[in-house]
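> Produce the entire structure from the sequences given, and follow the hints as far as they go.
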Amino acid sequence: MKNHDQELLLNIENLHIHFVLKKETVKALNGVDIKVARGKTIGLVGETGAGKTTTALAIMNMIQKPQGRIIDGKITLDGIDILSKNRMEIESIRGNLVSMIFQDPMSSLNPVLNVGEQIAEGLVLHKHMDRKEALVEAGELLEKIGIPRSRACDYPHQFSGGMRQRVLIAMGLACNPKLLIADEPTTALDVTIQAQVLQLMRELKANFNTTIFMITHDFGIVAEMCDEVYVMYAGTVIERGTLTDIFDHTRHPYTEGLFNSLPDIEHRNRELIPIHGRTVDPTNLPAGCPFWPRCNYICDKCRQDMPPEILVSDTHGVKCWLYENTSENPLMRRDYVAEENND
Amino acid sequence: MAEVKRVNKRAFLREHRKDGKALEMVRIFSSNYLAMIGLVIFLIILIAVIFANVIADYNSIAIATHPADRLLPPSAEHWFGTDDLGRDVFARVLHGSRISLRISVGAGFLGLFIAGTIGSVAGFYGGVVDNILMRVIDVLACVPCIVLAIAMVAAFGASEFNLILAIAVSTTVGLSRTVRTAVMSVRNMEYVEAARAIGQSTWKIIPRHILINCIAPIIVHLTIIIACNILTTAELSFLGLGISAPTPEWGCMIAMARTNMRSYPYLVIAPGVAIFLSAISFNLIGDGLRDALDPKLKR
Chain R
1 MKNHDQELLL
11 NIENLHIHFV
21 LKKETVKALN
31 GVDIKVARGK
41 TIGLVGETGA
51 GKTTTALAIM
61 NMIQKPQGRI
71 IDGKITLDGI
81 DILSKNRMEI
91 ESIRGNLVSM
101 IFQDPMSSLN
111 PVLNVGEQIA
121 EGLVLHKHMD
131 RKEALVEAGE
141 LLEKIGIPRS
151 RACDYPHQFS
161 GGMRQRVLIA
171 MGLACNPKLL
181 IADEPTTALD
191 VTIQAQVLQL
201 MRELKANFNT
211 TIFMITHDFG
221 IVAEMCDEVY
231 VMYAGTVIER
241 GTLTDIFDHT
251 RHPYTEGLFN
261 SLPDIEHRNR
271 ELIPIHGRTV
281 DPTNLPAGCP
291 FWPRCNYICD
301 KCRQDMPPEI
311 LVSDTHGVKC
321 WLYENTSENP
331 LMRRDYVAEE
341 NND
Chain Y
344 MAEVKRVNKR
354 AFLREHRKDG
364 KALEMVRIFS
374 SNYLAMIGLV
384 IFLIILIAVI
394 FANVIADYNS
404 IAIATHPADR
414 LLPPSAEHWF
424 GTDDLGRDVF
434 ARVLHGSRIS
444 LRISVGAGFL
454 GLFIAGTIGS
464 VAGFYGGVVD
474 NILMRVIDVL
484 ACVPCIVLAI
494 AMVAAFGASE
504 FNLILAIAVS
514 TTVGLSRTVR
524 TAVMSVRNME
534 YVEAARAIGQ
544 STWKIIPRHI
554 LINCIAPIIV
564 HLTIIIACNI
574 LTTAELSFLG
584 LGISAPTPEW
594 GCMIAMARTN
604 MRSYPYLVIA
614 PGVAIFLSAI
624 SFNLIGDGLR
634 DALDPKLKR
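Here the protein sequences line up with chains R and Y, keeping their order. Under our numbering, the letters of the first sequence match residues 1 to 343, in that order. Under our numbering, the letters of the second sequence match residues 344 to 642, in that order.
Just so you know, these hints were derived from the structure itself, not from any lab. As the structure is a computational prediction, the values presented were derived from the model and not from experiment. Note that the Cβ used here is the ideal one computed from N, Cα and C, for glycine as well.
No more than 25 Å apart at the CA atoms, straight line, and that leaves these computed lysine-lysine pairs for PhoX-like:
hint	chain 1	residue 1	chain 2	residue 2
1	Y	K547	R	K85
2	Y	K547	R	K132
3	R	K127	Y	K547
4	R	K74	R	K178
5	R	K127	R	K144
6	R	K144	R	K40
7	R	K178	R	K85
8	Y	K547	R	K65
9	R	K23	R	K65
10	R	K178	R	K205
11	R	K40	R	K74
12	R	K85	R	K74
So these bits of chain Y aren't anywhere near chain R, every CB distance computed over 12 Å:
hint	residue
13	S373
14	P417
15	F456
16	E578
17	M599
Below you can see the structure in the form of structure tokens.
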């Protein structure tokens, strides 16, 4: 058991975060459990407002106070209880043990500092280098991500979007963190640049042995990069498992809906089936399972109680009453259906 | 992955210093002829400030009285004539620039420091902190700037330092609002969050990532504040507060010459024009800087 604990880099247990506003309370996270083993890449998938970014910010202890309140839960990163640390302690963890790549490379770099300075900032803070050493080191980091050293003195507006994203990755990796959180790192980029950035992240992962926590809503990226997948809906992880568990043995109706709404290159004439309705309002969550108003497999129990996590295999957990008494898979994923019809 | 070569540290740092944006600003600024006029006037004043003692010695010319040479009209020897105590008005105006600039620029920067702290804390933290600080500023704003300065000088006594302090406090009102608004417009930028994410502390984020990004409106406001301070300094000494008699201060000189104004107008005109020129030079520079630093206002 102890061995198992040491393999875990990040352990989020039963995390509840609410944002208390004047008129309403936004229940952003309602019991999130995520375990990340060292050296793995895990993907966090879900639609906008599912709580993906909130989870990431909680890992960095960057939830905006006083509105954001951590109601319950525990985050352990490399044996450190993140949420109990004071400001000074958490500042020495951020950027050092865990760092984050933000979504929009266009606005995540300071426009009046050149990129060398910005990469050097973390080195000065955590590696206690003086400014000159850090600038030289920053130049080397730039070479590693495929940008010539001579461009360290250029300002962010002189770079293209893909290059800026690489600069952000260099900033994130500057202090060789154990965990790198990538918050939709490719959303703002076009497809060819996406491929380059993902390739770069894979190479860096191999070289630095960094654990990557990838937030995305693109299943293509998940399939390409991740070892394990967590699917979030309305502030809870509703299904988790390895890549094969999620992609080939989809269990939760919501995950099924996500796959059904994706086009499939092998069945081009298949109709796309969207999930009907819209995301639940986080200020007014329904009783029971948050997905029941949109679910096609609804039963009475769904309206009353939140299902616990049910393990359908060693690695595959799902929060759905469908699997309470049976391990049969009742879901009819449309691409399976199409395949059967083709046969 | 590319093989990483070691480069000469010094060559790398030299390269690191080049800066294209500053050149662009200089180009825009120099194409604005009004701003250039302001700059030329400012440089002339600066030369006067630096070489005042070389051109006309303070002790032997500017404050030494020569009863024999009372109230002489402008001539080759006394360019602006002499005053009722026989002192050379040109020398006094020259030395007046030192005092005037020292007080107004000093008060400007002291005010910037106070306003920068108040404004950035209020703008960055928002909420209750913002409310408390801004209400204090509101109270200060209720008192007219000059009256506030008079009250402070009257309370603490008329010394040069007190004058600087009084003027600085009265400039804080407008300047801290400028800083606050500018800070609020950048505090939610993603790069601020990114800086927090690499573990930077708030006290370093504010100057390094926030204030530096709102430097343009602050510089512009500061130059205009300095122009204002030149006037306030002159006003206060005209009223007999602040700088006192033998010291050649422009406002003070006008006050003393007032009695003889009908017969000897040049005694008032010389320091008056000096006040006007120095104030307008800062205003013109401020205007030019606004165009150069804020690309949105580019025509």
